[in-house]
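**Student:** As they're listed, the protein sequences go chains E and U.
Each step along the first sequence adds one to the number in our numbering, with nothing skipped, and position 54 is 54.
Each step along the second sequence adds one to the number in our numbering, with nothing skipped, and position 407 is 1407.
Because the hints were derived from the structure by calculation, they are not lab data.
Glycine included, each C-beta is placed from N, C-alpha and C at the ideal position.
Where chain E lies over chain U, by a calculated footprint (3+ residues, C-beta under 8 Å):
no.	stretch
1	1142 to 1156
2	1184 to 1193
3	1247 to 1255
4	1288 to 1297
5	1448 to 1456
2 protein chains.
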Amino acid sequence: MSYAPVTPAVVAELRAIVGDKSVLVDDERIEAYGHDETSAEEYGHLPEVVVLPTTTEQVAAVVRLANRERIPVTPRGAGSGLSGGAIPSFGGILLSVERMDRLIELDRANMTVTVEAGMVTNDLAHLVQAEGLFFAGYPMSVETCFIGGNVAENAGGGKAVKYGVTGRYVLGLELVTPTGDVVWLGGKLAKDVSGYDLKQLVVGSEGTLGIVTQVILRLIAYPKAASDLLALFRTPREAIDLVPLIMGQGIVPTGIEFMDRLSFQTSCAYLNETLPYGEAGAMLLIEVDGNDAARVEAELFAIGDLCEKHGALEVYVGEDRTTIERLWSVRRNIAEAFKVASPVQSLEDIVVPVARIPDVLPELERLSAAYGMQIPCYGHAGDGNLHATLVKDPAMDLGTWHANKDACLRELYRVTRDLGGKISGEHGIGLKRKPFLDDVTNPVEIELMRAIKRAWDPANVMNPGKIFDV
Amino acid sequence: MSYAPVTPAVVAELRAIVGDKSVLVDDERIEAYGHDETSAEEYGHLPEVVVLPTTTEQVAAVVRLANRERIPVTPRGAGSGLSGGAIPSFGGILLSVERMDRLIELDRANMTVTVEAGMVTNDLAHLVQAEGLFFAGYPMSVETCFIGGNVAENAGGGKAVKYGVTGRYVLGLELVTPTGDVVWLGGKLAKDVSGYDLKQLVVGSEGTLGIVTQVILRLIAYPKAASDLLALFRTPREAIDLVPLIMGQGIVPTGIEFMDRLSFQTSCAYLNETLPYGEAGAMLLIEVDGNDAARVEAELFAIGDLCEKHGALEVYVGEDRTTIERLWSVRRNIAEAFKVASPVQSLEDIVVPVARIPDVLPELERLSAAYGMQIPCYGHAGDGNLHATLVKDPAMDLGTWHANKDACLRELYRVTRDLGGKISGEHGIGLKRKPFLDDVTNPVEIELMRAIKRAWDPANVMNPGKIFDV
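Make a model of the complete structure from these sequences and hints.
**Tutor:** Written out as structure tokens, the structure is:
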């Protein structure tokens, strides 16, 4: 791919579109837009110019300019992504939606909220909670990530077992297409078969099929009761074996989170947290919510009984919100804790059929030994989504690390495929997994994706180089 | 569009692919494949040949032949569709999946079932119920429709308020692409962002993006308790106004069905059913299910209280399965009852934001008066999905009927759009609504759809002429 450079004339035109103060060029602030939460050394790339539009029309005008001049445009939310999706790999224009963070409408009668793409997920959650309403999306980066990013990545998180992922709550979205047209897809509708479901195609397309500028989200009544349970097990296998047993009971927990010893130990040390985990080799953190406190308690105790009957060392039921918040904080901070402990690592996101999770663990042990790296494992066990993390041994040189990591990932992904799984459950392909996608995907499927990308983005300017090459 | 005819040489080749007994040509059985549940006079068209493959490879070979010869292929399930999607408008090859009705796998551990596209929905439901599992799809034609058809149309039905539509349960599908390749999309996975969500794009695409041959469906534990409530109201408005009130309570009924007087009267007469509806002008039929009988009862009584507080004439709680089944039978048979009472009609499927339903009813009255036709209304009120039905007055001549019907539909669809709605919630566009789609849809959206269709089906042989023209 060859693109035109961002010339002074282009910058002048961008200034005319979004205003002088909304164009960054030759500015130290640009550095922050050159990476996300993946390794900046491995995937980072600076944009030539950053634009910070405040309206959909400005976004559309920038995209039309990019098409005319053949300059790549990379849309960006909070930059909290974990696969490099928001990195401007070909330079060009970085378009951040950070100044588009308004509430457009809270529609109580239809139980929907319409927001701009740049609203922080937690801000949205608090805003609707004040009205007794609940947004069920809950990525682990909930305090920083933007709704637009959640939509672009089809974010999952800690409540997906019961509530599903972001896409289930996206009723409508305003899209600036790769050629700079503006269109609303979907609406405040519970069902709709008036043509192809383009809205759901855009969800999870990582900004390669256009820029989402507004989103209509479905809300539900705020659950009146929620409680959590922490169960300690001798081995990861014992913990993981519980997951299909729980799911088969007719109880649908909000989330079933798994952590192996290395994961919770590292996170507890990072947080100075003193969970009484003793000799436990693995934990399950299970949440149940609902509208009836007695029912929630009964379900939680039923799960607790099941855990005890199947070998749990200890079962703690989090009676108060403070304890619950401490437990979740340990879970949420694992990735950050590992980053501090060992900055060179590869955070993975494989997903397998729930009943196949136990088959993944011995493979991780085998790969850990074969490639000389620790591979702690934690994640959303109720979804079959495991964040195995390859951690570089400080003694290993960087060259060996990269070679071993790539070889290990290739094996891990093939194992995942052979178990009926996929290489990303919620983080996306982006740059990080692009070199591996072909190896584990039917070429017919990739070609069908490419055909859509080519048809919608003939100049290939919309977030090029992500997921696959065109 | 111009296509090649099905020559004797093509028939011979089809016989070689699927076997002599699986090719119908010059056969009186072909007539049945020339229409669906829409008016045969208005939309019907005979195929040149019918093929009845039994394997995915046969389907793929037929599609490759069609591409080579430029002959249209129309996939067909049970023929219970309501928008003409399975009608071979350009003749050519009608490919029925009726002989592909096998259970491939019931996976208890992962709570999934894999079936061929030709399995009848009710057969599937019974099969998994025997294992304590539940398939939440529930189209009104559940006794005849095929799973493949449900997927192609993204069927809704009577349980969608709580459980969503078919697409939510489709975890994976085997697709024969428009060019005759075979690919599995998705898998037994709770989440997956490894590239575009092509599976969900195929769901609801009405057979224009390929032929679904197998489907992996997500199952849930069979709800241990279910009960229903029938509430009678003086006017449709009073009934409909209850819907957003119920939805705002944090109770999620399985279904909220609405019937106006003309609808239930006609269905009761057809069934010789003696519901005590007295002077009621409208009914709500509400189902609640769950795993706790006491909770189900409490929720149902809470809904009943709400109905009484807001003017219900009577509230009946269906204590036994027989009464419940009678109520649902009245609801399910409305369409059939009207067909018998007045065979010339147009069954509609508009969907609006739930809180806007009350605004639809006076518009229906206005249109009824303006165009001289009865417009009974019933449907899935909890989803905002209303089956208004335009019924020809026996005294009106056919020419006037067609002109008035088209003019009335054009108005109805514009009203629906202006309320934030769409012209089809679950029946699809097909042939029936194609002439109206452009009028109520942003041309950018149609063009994005067309771009996908062109890219996947360059010879335009896969169910051509449906939804939009290429």
